[in-house]
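Under our numbering, the first residue of the sequence shown carries the number 1, and numbering increases by one thereafter.
Worth flagging that the hints you see were computed from the coordinates, not collected in a lab. This structure is a prediction, so every number in the text was calculated from the model and none was measured. Some hints could be false.
[To be verified] Straight line, CA to CA, 30 angstroms or less: simulated DSS-like cross-link-like pairs of lysine-lysine:
{"no.": "1", "residue 1": "Lys-482", "residue 2": "Lys-521"}
{"no.": "2", "residue 1": "Lys-511", "residue 2": "Lys-562"}
{"no.": "3", "residue 1": "Lys-521", "residue 2": "Lys-552"}
[Said to hold, decoys possible] Pairwise CB distance ranges (calculated):
{"no.": "4", "residue 1": "Val-343", "residue 2": "Asp-251", "range": "28 to 34 angstroms"}
{"no.": "5", "residue 1": "Gly-468", "residue 2": "Gly-366", "range": "51 to 57 angstroms"}
{"no.": "6", "residue 1": "Gly-66", "residue 2": "Val-576", "range": "20 to 26 angstroms"}
{"no.": "7", "residue 1": "Gly-53", "residue 2": "Arg-106", "range": "42 to 48 angstroms"}
{"no.": "8", "residue 1": "Lys-100", "residue 2": "Gly-282", "range": "54 to 60 angstroms"}
{"no.": "9", "residue 1": "Gly-66", "residue 2": "Arg-530", "range": "55 to 61 angstroms"}
Virtual Cβ for every residue (Gly too), placed ideally from N, Cα, C.
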Amino acid sequence: MFPLERRTASGGFRTPAGMMTSLLVLIVGALTFDVSIARSAVVAHQAADVNPGPSSSDPDDMASFGGNLYFAGRMPGKGHELVRLHNGKPQLVADLNPGKDSSSPRDFIRFKGMLYFSASTEASGRELWRTGGNTTEIVADLRPGSESSDPFLMTVLGDQLLFRANDGLTGSELWRTDGNLVSMVSDIRPGVSGSNLNDITTFGNFAYFSADNGLFGSEVWITDGNSASLFANINAGGLSSNPRYFTPFGDYLYFRAGDGQGAELWRTNGVFTQRVADINPGAPNSAPFDLTVFNGYLYFRAEDGVSGTELWRTDGATPIANTALFADLEPGADGSSPTSLSVTGDRLYFTADTAAMGRELWNTTGAGVDLVRDINPGEDHGSPGQLTGFMGSLYFSANDGTHGYELWEADGGQARMVGDILPGDDSSDPYDFEEHGGSLYFAADDGTTGYELWAATDDRKVKVNLPGKKIRADRGGRIRIKVNCPANEISGLCRGNLTVQTRGKVRVGKKKRKVTLGKAKFSVPAGQTRTVVVRLGRKARILVRRNAAARKVSVRAKVSDKAGNSRQVSKVKRLVVTR
């Protein structure tokens, strides 16, 4: 934690009688910060210029599948199509809408060894597709012709893939596929208007969702994948409870719903359904949102009518859960409106908006709340977004007021910029983070190549290879040694010194000792192999010609990279002498 940036808050709690312990926010010292880019083990680098030149490939909807990174992107002469990163190089998987038109694949989900998604073509509209990497095919044209069934909300339940789709006859309803057959689970609201179901979430052996059958309003429904039925009519009669944000926690499924007394926090164990707490008593809504499980509690934002929208939590106890205000970061009725709750490592991160510091990044371990950093000092907003956990740290986009929106990292109570991808006060706007192959991939604009595929990768080690089992010395005593700087050496050049030394001790005069035969410097760009010439002196040439033991050598490379990483690599080789 930077000493001048800590804000400590003791979690206030609301008792059943409505008493509240006030939250004290301590502001320590002057608000002065070092905005320089701190050294980090993780560095940002361009992973691929998918659409070479200044034109963007606009990668999005990334998904790691089968050892490759799949995404929607533009390649030269193509629209927004299905692309993958294979061995570090972009490949067009399928041009589903040929030419410069786009199929815009999205909503990727892994199911039974295939990657399912929706895509739009001129012939069939937006329908359900899948790929195994080698072949890509339409699963079903549920609405024949150019109109779309628009499948989305794809959710795996057992051996079924559930999704919402509109076949043009029944409206938007619940569908399923087992990978072979595609069929409607239930026509919940007969006719063309559809039930407009939402928030499909698995809990136990069932999936819960909201739907409106035209009789009871939007209520809680349940399916086992074979049929669907009304589970709970929370707002009795034809009015809607509008259940949303289903979140499993412990033995219950929690969600937001309204029974006529405002939208509040509810839960069900699959048998009994109950309101957890009337946070904003009476008809007003507490409108719980961002339900997130962390360290034995369910955290969420809510409005109690007194403190504004702030951070709350419940312990999930039975028969009555203890639900309380956890942090009142902006005392008074305005509230800090915490959002983007994200669990990473042993912390829950979120953003909150206060009058003194604007919207900034906060965190908690479950005991008190800390400001991670006032990224854009003062009342201006740092506006952290895209909060994503990777390697135990939190990565996100933020604006410090100097560098624009760039990639940042938070590790516990500290935050630092990973890299100024688009130098200056313009923004690279990193978005759509996806972990794959030990890196965190995202889209960003460096101002030269447009929005392309970037990655954040751990760069605490430098890599170098010394290929081959033997080396050759010509008549002039020149040894040519290949040095390879791998393509995944993201901070190359690989540069340093080569030393050729006898592997063991050899006799020189009356003593045996290891002999250094020659040295040379090298500098090799990432992804390339260069031949380095080591020159042997006259005595060394005589030694290797006359003494076979001296021709078993150790080639040692002491290498460093631009990030300041260094290491030493050795490899035993056989020296062949040209006579």
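For each hint, the structure was consulted:
no.	hint	verdict
1	Lys-482 / Lys-521	12 angstroms, holds
2	Lys-511 / Lys-562	42 angstroms, violated
3	Lys-521 / Lys-552	22 angstroms, holds
4	Val-343 / Asp-251: 28 to 34 angstroms	20 angstroms, violated
5	Gly-468 / Gly-366: 51 to 57 angstroms	56 angstroms, holds
6	Gly-66 / Val-576: 20 to 26 angstroms	43 angstroms, violated
7	Gly-53 / Arg-106: 42 to 48 angstroms	25 angstroms, violated
8	Lys-100 / Gly-282: 54 to 60 angstroms	57 angstroms, holds
9	Gly-66 / Arg-530: 55 to 61 angstroms	34 angstroms, violated
Hint check: violations occur at hints 2, 4, 6, 7 and 9; the rest are consistent with the structure.
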